[in-house]
Amino acid sequence: MSPASTIRFYQTGSIAVGNRLLDPDQRSVQADEQRSNAITCGHRACQGCGEALGARYALDAAMRATGGRMIAANATGCLEVFSTPYPESSWRLPWIHSLFANAPAVSTGIAAALRAKGLDRDIRVVGQGGDGGTVDIGMACLSGMFERGDDVLYICYDNEAYMNTGVQRSGATPPAARTTTTPAVGPAPGASFTQGKSAPLIAMAHEIPYVATATVAELRDLEAKVATAMTMRGPRYLHVFVPCPLGWGSDPRETIHVARLAQQSGLFPVFEAHDGEVTGVTPIRRQVPVEDYLRTQARFAHLFKPQPHTETIARIQAQADRNIRRFGLLPDVQGGS
Amino acid sequence: MQQQIEGSRAVADAVALCRPEVVCAYPISPQTHIVERLARLVSGGELAPCEYVNVESEFAAMSVAIGACATGARAYTATASQGLLYMSEALYNASGLGLPIVMTVANRAIGAPINIWNDHSDSMSQRDCGWIQLYAQSNQHALDLHIQAYRLAEELSAPVMVCMDGFILTHAVERVDMPSQADVDAWLPPFAPRQRLDPDEPITIGAMVGPEAFMEVKYLAHAKQLQALESIPRVACEFRDAFGRDAGEAVGGAGTVGGGGSDGAGGATGATTGGAGETAGLITTYRSEDAETIVVALGSVIGTIEDTVDELRAEGVSVGVVGITSFRPFPLHAVRAALAHATRVVVLEKALAVGLGGIVADNVHTALAGRSAHIHTVIAGLGGRPIVKASLRAMLADAVADRLEQLTFMDMDWNIVERELQRMRASRASGPHAENILRDIGTVAAGPV
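Heads up: the sequence lines are chains L and X, in that order. Using this note's numbering, the letters of the first sequence map in sequence onto residues 1 to 337. Using this note's numbering, the letters of the second sequence map in sequence onto residues 338 to 786.
Because the hints were derived from the structure by calculation, they are not lab data. Glycine is no exception: its CB is placed at the ideal position from the N, C-alpha and C atoms. Among the clues, some could well be false.
As the list claims (entries may be wrong) - Here are the in silico distance ranges between beta carbons for each label pair:
| # | chain 1 | residue 1 | chain 2 | residue 2 | range |
| --- | --- | --- | --- | --- | --- |
| 1 | L | Q168 | X | S767 | 36 to 42 Å |
| 2 | X | P527 | L | D251 | 54 to 60 Å |
| 3 | L | R295 | X | A771 | 47 to 53 Å |
| 4 | L | D122 | X | V554 | 28 to 34 Å |
| 5 | X | V691 | L | T180 | 31 to 37 Å |
| 6 | X | A550 | L | N19 | 56 to 62 Å |
| 7 | L | T180 | X | D735 | 39 to 45 Å |
| 8 | X | P527 | L | F193 | 56 to 62 Å |
| 9 | X | L744 | L | D122 | 45 to 51 Å |
| 10 | X | A560 | L | R20 | 54 to 60 Å |
| 11 | L | G234 | X | G779 | 52 to 58 Å |
| 12 | X | A550 | L | E207 | 54 to 60 Å |
Unchecked claim - Which residues of chain X face chain L? A partial, calculated answer using Cβ under 10 Å:
| # | residue |
| --- | --- |
| 13 | C361 |
| 14 | V510 |
| 15 | D514 |
| 16 | L525 |
| 17 | A529 |
Chain L with its partners taken away, still in its complex shape (with noise of 0.2 Å):
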């Protein structure tokens, strides 16, 4: 376990005035002006992108644990287009986008030619997606790099949508939720209620040795995770929870709000697996009904006009309330995880 783990700050706003108060070996890698800037200013993502502040903190967390020795693998999607309009780019390491499906195995092939040139002890790789890029259309590799054991940590950006064509439905993309292909109009308005699928549950679903999901709100959990994972070796899942304010039609400065929310709610759990079992879950500290959730984001608006449709709103409220159950998030509601 790194030293961040087991520190937690409650925060209240974006900024985590605690780490002032912690020694200096203590504070969040994005607090030490040593820090890789893994992708550095000057790109293109929109005011409030969630995604590009979980690059941020997760890849300069993974730069932290491998003193700068790795490379990264990148699916098509936001992170890539805004990251690199030709001929700028913000990667300060090495970085490859190959296609939209194939980042898991770019990632393999990478591990591999690290391997035969005896490299592998010293380089370490990082696969990074979207959720359409994960779940979606990269599915087949990721579960193949999953099942064939490669040493590879891959991270998922999960937006809940395709949102760098405009805002379309993915796997990933909630009941209810507006899209442009799922529009707010008709008699069932917005995505359908499905079974849903979990990517950390597929991953889980692989016994690999290390699955966890984070949100932005905690960017201390989000570092420690991918400390922890970065100290072990085979193939490693993150799951991160990053708002979309143009695609969720949320306020821009509401990203951190947001995805509190999300946590708090029960809708997005916030845990750690080793080898297929959850070890580790972030409690909900102060839970709250998930309409309050739903109200900050304009892809929700049709559930509550003209008058809030509680009957959608009550079938949101218990996935929230399996979820809660399913892993145990409130302390006295005790359910099999």
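Got chain L sorted already, so can you dock chain X onto it with the hints?
Chain X alone, transformed into the frame defined by chain L:
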């Protein structure tokens, strides 16, 4: 060293001699024997340091090769047919990123209807993906082209596809001359990549490029292929200097590229030439210098055509053969020169551009722009239909008598086609073509129509 081995094994052993560092593949007939052999060599430690990655698809196979090659490793994969189509997106990516991956394509038809046998539909469909495409005429030729391919690929920073006829070559046991490891080591230096993912010198590979630079980047891919038109003959000549024979030439035998079939039959006058100087490695010629009618073809069928040419020459018919080894880049000048004196050109090809006719013929047309020669397209051997001497003789007899139509289909059963066309005219719900035709010819039991 002379060995009597299967074509797949010859290719696998040739790849092994090139010391690949990452081999990744997904099984598809008729490519499997190649990668099975390599898996065995890697597992046994004979290729160390080399990683063998069992991937979950051809798309992943090419993607793993992309990642490995971008990290500076010599990478190899092999596929065929549907598998080549499944990796198509990654093929364009590998060439666009300038990654010198070498891949074997064990040429096989594309469905539907599903068919595992040989034709060139697969690699022809990917002719514009930016890879160099070399077509082997024999197992020896395939073996030698793989050794040349790594030199070419790494010199040019461009990927190379070596195409060899599925089953006809991959599963045929023939005598081949296997170079020694020392000779290949002396010929092929370690891979020195143009670009490499390296923490000591971080670079960005695969950035987004807009209209301001995209045409220039694409032109560079074309320029690289034009450069390959000069590199291929030079590498072919250097190969001859290093190994004491042309690619595909059997040691101690007549100079043949087209397989054992033409051994002896052609005699001294019938030696295939791999082309001297500037056409070496691009095309092969066989009794074509003074021929009035020249057949243009690719791959293993050239051996059968050469045998037929020998028979017709003995009867006083003026025919010859031009084989295209490098289909991409397409050697326009070499083809134009080789066909300079022909009055008739018959392009025999194992692929069909539906809605047009011949793919190779279309390229030959470009090579002969402004020339008056009659150019015929003969579509033959689709889905593994044998191309036999009797049919070639009949076709060439028509050609020489100026009776051959511009586009013909060798050994087509037009009765079957007409029956199915009638069925379609009679009823919109005429059912699936392939199943109807199989029922017509009695391959499957007659059932309710």
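Do the hints match the structure? See the list:
no.: 1; hint: L:Q168 x X:S767: 36 to 42 Å; result: 38 Å, holds
no.: 2; hint: X:P527 x L:D251: 54 to 60 Å; result: 56 Å, holds
no.: 3; hint: L:R295 x X:A771: 47 to 53 Å; result: 57 Å, violated
no.: 4; hint: L:D122 x X:V554: 28 to 34 Å; result: 33 Å, holds
no.: 5; hint: X:V691 x L:T180: 31 to 37 Å; result: 36 Å, holds
no.: 6; hint: X:A550 x L:N19: 56 to 62 Å; result: 43 Å, violated
no.: 7; hint: L:T180 x X:D735: 39 to 45 Å; result: 59 Å, violated
no.: 8; hint: X:P527 x L:F193: 56 to 62 Å; result: 57 Å, holds
no.: 9; hint: X:L744 x L:D122: 45 to 51 Å; result: 60 Å, violated
no.: 10; hint: X:A560 x L:R20: 54 to 60 Å; result: 57 Å, holds
no.: 11; hint: L:G234 x X:G779: 52 to 58 Å; result: 56 Å, holds
no.: 12; hint: X:A550 x L:E207: 54 to 60 Å; result: 46 Å, violated
no.: 13; hint: C361; result: 7 Å, holds
no.: 14; hint: V510; result: 32 Å, violated
no.: 15; hint: D514; result: 29 Å, violated
no.: 16; hint: L525; result: 17 Å, violated
no.: 17; hint: A529; result: 13 Å, violated
When the structure is compared with the earlier hints, violations turn up for hints 3, 6, 7, 9, 12, 14, 15, 16, 17 and for no others.
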